[in-house]
Amino acid sequence: MTQPIALLDGPWWPYLALVLFAVLPTEIWRWLAVAFARKLDERSPWLEWVRLVATSLLAGVVAKLVLAAPGALAGVPLAVRLAALAVAVTVVLAFRRRVMLAVLAGEAVLIGGAVWLV
75 MTQPIALLDG PWWPYLALVL FAVLPTEIWR WLAVAFARKL DERSPWLEWV RLVATSLLAG
135 VVAKLVLAAP GALAGVPLAV RLAALAVAVT VVLAFRRRVM LAVLAGEAVL IGGAVWLV
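For the sequence shown, my numbering begins at 75 and goes up steadily by one.
Read the hints as simulated data drawn from the structure, not as lab findings. Misleading hints may appear alongside valid ones.
[What the hints assert, rightly or not] Label-pair ranges, simulated between beta-carbon atoms:
(1) 128 to 102: 15 to 21 Å
(2) 95 to 160: 33 to 39 Å
(3) 117 to 93: 33 to 39 Å
All C-beta atoms, glycine included, are put in the ideal place defined by N, C-alpha and C.
Work out the full structure, taking the sequences as your base and the hints as a guide.
So, in structure tokens, the structure goes:
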């Protein structure tokens, strides 16, 4: 039987795994994006396409979370989830795209509705 590597056998293994398998793969792409983004024109068709794809992916994730809720969110009635989404979208449109305020307002409706109805 081979001897285990001391670093992989100790208490630091979860942190090493986190850095190797979560941080490094995403950070490489972020740094490359920063390096190449300086040369891009904001109004280029390619960047517009990327923005549209990113927005559609986000919309798909939000729709899946609202309509086919996983875990504890599935216990919250659909009407409450839809109301939270409607409040969040209204806040975004009313307060000039203040996303954090919209998230907090949607969460307040979601939590309040879950506590009140469930």
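Unmet hints by their number, sorted upward, for this structure: Violated hints: none at all, because every hint is consistent with the structure.
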